[in-house]
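Colleague: The primary structure of each chain is shown beneath.
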Amino acid sequence: MTEIRRHVIAVLIDNEFGALARVVELFSGRGYNIETLSVASISQDKKLSRITITTFGTDKTVDLICKLLCRIVPVHNAAELSKNDDYIERELCLAQIISTQQQLADAQKSLKNFRFQIIDTEEDSTVFEIIGSSKEIDEALKILENHGLATVSRTGIAGGFKGKKRLDQI
Amino acid sequence: MVKLKETNQFSGAEIIVKALINEGVDTIFGYPGGAILPFYDALFLQNRITHILARHEQAAAHSAEGYARSTGKVGVITVTSGPGATNTITGLTDAYMDSVPLVCFSGQVATTVIGTDGFQEADITGLTRSCTKYNYLVKNVNDLGYIIHEAFHIARTNRPGPVLIDVPKDVQNSFGIYQGKVEINRQSYQIKQRKFSLNHDNIAQAVDLIVSAKRPIFYVGGGVINSGDEACDLLAKLVRHLGFPITNTLMGLGAFPATDKHFIGMLGMHGTYEANLAMHECDVMINIGARFDDRVTGKVSGFSPDSKKIHIDIDECSIDKIIKVDVAINADAKNAINALLEEINRRKIGNRRQEINDWWQKIQKWQSIKSLSYEVSKKTIKPEYAIERLNFFTKDSQPFVSTDVGQHQMWTAQYIQFDKPKKWLTSGGLGTMGYGVPAAIGAQIANPQDLVICVSGDASFMMNMQELSTIKQYNLPVKIFILNNRYMGMVRQWQELVYEKRESQSYMESLPNFMKLAESFGIHGIECDKPDHIDEKILEMINHPGPVLFNCIVDQSENVFPMIPAGSSHNEILLGSQAKQYVTKDINAV
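Order-wise, the sequence lines are chains A and B. Here the numbering used here is used: the first residue of the first sequence is 194, the next is one more, and so on. Here the numbering used here is used: the first residue of the second sequence is 800, the next is one more, and so on.
Each hint should be verified, as a subset may be incorrect.
[To be verified] Some chain A residues near chain B, calculated using beta-carbon distances under 8 Å:
| # | residue |
| --- | --- |
| 1 | 207 |
| 2 | 214 |
| 3 | 222 |
| 4 | 257 |
| 5 | 260 |
| 6 | 266 |
| 7 | 268 |
[As the list claims (entries may be wrong)] Subject to a maximum C-alpha distance of 30 Å in a straight line, what follows is the list of computed DSS-like cross-link-like pairs (lysine-lysine):
| # | chain 1 | residue 1 | chain 2 | residue 2 |
| --- | --- | --- | --- | --- |
| 8 | A | 253 | B | 1120 |
| 9 | B | 1123 | A | 276 |
| 10 | B | 994 | A | 358 |
| 11 | A | 260 | B | 1108 |
| 12 | B | 1161 | B | 1108 |
| 13 | B | 1181 | B | 1013 |
| 14 | B | 994 | A | 276 |
| 15 | B | 980 | A | 240 |
| 16 | B | 938 | B | 872 |
| 17 | A | 357 | B | 1036 |
| 18 | A | 253 | B | 1194 |
| 19 | B | 1107 | A | 260 |
| 20 | B | 991 | B | 872 |
| 21 | B | 1194 | B | 1181 |
| 22 | A | 260 | A | 240 |
| 23 | A | 253 | B | 1108 |
| 24 | B | 1107 | B | 991 |
| 25 | B | 1060 | B | 1036 |
| 26 | A | 260 | B | 1098 |
| 27 | B | 1123 | A | 253 |
| 28 | B | 1107 | A | 253 |
| 29 | B | 991 | A | 276 |
| 30 | A | 260 | B | 1123 |
| 31 | B | 1013 | B | 1123 |
| 32 | B | 994 | A | 240 |
| 33 | A | 305 | A | 328 |
| 34 | A | 253 | B | 994 |
| 35 | A | 358 | A | 260 |
| 36 | A | 260 | B | 872 |
| 37 | B | 991 | A | 239 |
| 38 | B | 1060 | A | 358 |
No lab work stands behind these hints, which were simulated from the structure alone. In this text the structure is predicted, and so the values were computed from the model without any measurement. A virtual CB, placed ideally from N, CA and C, is assigned to each residue, including glycine.
Take these sequences, add in the hints, and give me the full structure.
Modeller: Shown next as structure tokens:
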């Protein structure tokens, strides 16, 4: 219960100003850092958004945060995805390297086990789009550090339960 | 209800007035200023709503709390932007902690100026996000009407709490459509209400525990009072039917009659010996509408170690937050108590008083210690004595009693007997000094024919004493009874117990002459420093038809006992006679 571990939390919330701030304050007010956060509207009418958050903390505090999330007026549902292993997560990363042609070829070769594509090139600058779990992206970035890694932009993860289990069934 | 045509256009300020009337509001508390002037102008042009002018916005908020808690209705505050709004934050936080339904309207600079550091601009929705149940910044006048009705709905339903509506000046001035009171259909909020888990399984499990309990206790909090008078009546029926002992939290006083023989006093840090030991030794605890607050549990690891725990709470977040329970019932107290009674009747379970006679005998032994006794003095007025006499002379009229925070608050909780709900107004969760006088004003406005007493301390009273002016303006017959010990008594008590009597900043230098203070506000002053005179002076106070400021000069060194020192368990409770041997265990506990 008191062990600090990584938690992934998903929230369905009305898409309105101030709503995200209410969610974030539950973490900051407890001295918890949000490691990743992604948010976008998910319904055609743009009225509903889904937030995915990763944080490090104790099970007890994260359980309470999940209940407090459900209490926020515009929140429809909130639950921890990472209670068991029955969840999936993906993150997208844009990584720019500044390199010679030879370094670029080496970089592409080193990344062969990762899901990536080049989406922008200009002179000696190349931007890779890399997709995977946060862990995979960490590994890919570590490799690119030896190949002229210049700037990085990560989306934070999007996540959900495996199979047909839904957020509102928790 | 006012019927309105759909095509009618009203100014935002008029919409606020109309929506308030449609919510049944007849009294609001506030203070005008630049950004809320359009509303105050609309208020001037109507005669349905009475506005009570406070002398400070914090006091307006506490008055609205006193109004709300003494009636069960939603309290309404109207203030201007910037400092007007920030001054309400203590009151909003107080209401949030104690689950008091409030709607606060704050003026805001015009939408075109927001975010430019305009005069008297403050990001009040940002500032109050963590101390309100919900808040709004209204950007379009056409949304205003619905928002107001939704705000009232949110403030009063589920676990009640404060809601703030920030209305920019141009929104108050522009014209829009108001459709009257409409049904609130916010899906995200309806989901929360559907979650209440009044299923037969957990009611049956609770009754299983109740049937087999050998050492049961009811531990009841303010949630039952918030649930309504009917919930309190059902609770009394349940407790008397079963013949179990009951203890109330500070917030729960009045939920069950204090003069009933089943009641064994308040529990917690300054609760009775019998209530705390019964909590420690019980085998089944039935918590209804209380949240295992740290003033109640003491050291969590030592809390009621051998009991099975049933917890009924409307707020799922309160369940398993501090104490893991065996049967969790996430529901409104009234519905849950009713379900318990039905199941008990269905199983034909009768009174269990005789079956648990050993337990009652044990409790009676603890009661015989008389943990609320104190040394009587002929020379100085003991504060406990003053409150006992106050209780003696006022209990028949069942007064509303508000307090501030500190020693006087605990003595009032210990010695005033509340037989009815909604009579006891105190700042429990936040512990706000300065709450008492404005809360009494709110209660008196709501209950003009009733006796309203504010028991205060010399230090607390001075935190909102400007409200004497409000009392005078509306000629409110509030009786302010100050236990004056020339100290911040509770601070001094902790310094005595924990900091080897180093009285750092807790002595109240340069107190005013309270008699002259009262006179300067045109209020009747009474002073008493002799135990022999207290009876006649209290009678003089009660019989005076107008407001009274009573300066009761009491023993300076008296401390509140019993006491469970912070960080200790219930069975480590200190009686007054044991205080000298006390050694601090946990200096970080508060």
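Colleague: Evaluate each hint against the coordinates.
Modeller: Hints and how they fare:
| no. | hint | verdict |
| --- | --- | --- |
| 1 | 207 | holds, 6 Å |
| 2 | 214 | holds, 6 Å |
| 3 | 222 | holds, 6 Å |
| 4 | 257 | holds, 6 Å |
| 5 | 260 | holds, 4 Å |
| 6 | 266 | holds, 4 Å |
| 7 | 268 | holds, 6 Å |
| 8 | A:253 with B:1120 | holds, 8 Å |
| 9 | B:1123 with A:276 | holds, 19 Å |
| 10 | B:994 with A:358 | holds, 18 Å |
| 11 | A:260 with B:1108 | holds, 20 Å |
| 12 | B:1161 with B:1108 | holds, 21 Å |
| 13 | B:1181 with B:1013 | violated, 39 Å |
| 14 | B:994 with A:276 | holds, 21 Å |
| 15 | B:980 with A:240 | holds, 24 Å |
| 16 | B:938 with B:872 | holds, 28 Å |
| 17 | A:357 with B:1036 | violated, 47 Å |
| 18 | A:253 with B:1194 | violated, 45 Å |
| 19 | B:1107 with A:260 | holds, 23 Å |
| 20 | B:991 with B:872 | holds, 22 Å |
| 21 | B:1194 with B:1181 | holds, 20 Å |
| 22 | A:260 with A:240 | holds, 22 Å |
| 23 | A:253 with B:1108 | holds, 19 Å |
| 24 | B:1107 with B:991 | holds, 27 Å |
| 25 | B:1060 with B:1036 | holds, 13 Å |
| 26 | A:260 with B:1098 | holds, 24 Å |
| 27 | B:1123 with A:253 | holds, 11 Å |
| 28 | B:1107 with A:253 | holds, 21 Å |
| 29 | B:991 with A:276 | holds, 22 Å |
| 30 | A:260 with B:1123 | holds, 15 Å |
| 31 | B:1013 with B:1123 | holds, 21 Å |
| 32 | B:994 with A:240 | holds, 22 Å |
| 33 | A:305 with A:328 | holds, 16 Å |
| 34 | A:253 with B:994 | holds, 21 Å |
| 35 | A:358 with A:260 | holds, 19 Å |
| 36 | A:260 with B:872 | holds, 27 Å |
| 37 | B:991 with A:239 | holds, 22 Å |
| 38 | B:1060 with A:358 | violated, 52 Å |
Going through the hint list in order, the structure does not satisfy hints 13, 17, 18 and 38.
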